[in-house]
Amino acid sequence: MSFGYKLAYLPCSPDSLTHFSDSTLERPFAPFESKVHEIKEYVAKWLQIQSL
55 MSFGYKLAYL PCSPDSLTHF SDSTLERPFA PFESKVHEIK EYVAKWLQIQ
105 SL
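78 is the number that my numbering gives to position 24 of the sequence shown; each next residue is one higher, with no gaps.
Everything labelled a hint here was simulated from the structure, so no lab data went into it.
There's no promise every hint is true.
Said to hold, decoys possible - Label pairs and their calculated CB-CB ranges:
| id | residue 1 | residue 2 | range |
| --- | --- | --- | --- |
| 1 | Ser-77 | Leu-106 | 42 to 52 Å |
| 2 | Phe-83 | Ile-103 | 23 to 33 Å |
| 3 | Trp-100 | Glu-80 | 27 to 37 Å |
| 4 | Glu-80 | Leu-101 | 39 to 49 Å |
| 5 | Val-97 | Ser-77 | 28 to 38 Å |
| 6 | Ala-98 | Ser-77 | 38 to 48 Å |
Model, not experiment: these values are computed from the prediction.
Quick reminder that beta carbons are idealized off the backbone N, C-alpha and C, glycines included.
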């Protein structure tokens, strides 16, 4: 049975698993930080309206 997936072997050294470039972890967190910023602005506006 074949699912059409092919696995590629990418040689790596132990150092490549423990050392990341500076942007490796920034990229996945950028959308979350953006959404948290939107929520923060929304809550601030909601609290402002509630205080009226």
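Consistency of the hints with the structure:
Range check, Ser-77 to Leu-106: about 43 Å between beta-carbon atoms, so the 42 to 52 Å window is met. For the hinted restraint 23 to 33 Å between Phe-83 and Ile-103, the CB-CB distance of approximately 30 Å keeps it satisfied. Look at Trp-100 against Glu-80: about 29 Å separates their beta carbons, and that is inside 27 to 37 Å. Separation of Glu-80 from Leu-101 is about 30 Å and departs from the stated range, judged on CB atoms against 39 to 49 Å.
Distance hint check for Val-97 and Ser-77: the Cβ-Cβ separation is about 29 Å, which falls inside the suggested range of 28 to 38 Å. A C-beta distance of roughly 30 Å is found between Ala-98 and Ser-77, which places it outside the suggested range of 38 to 48 Å.
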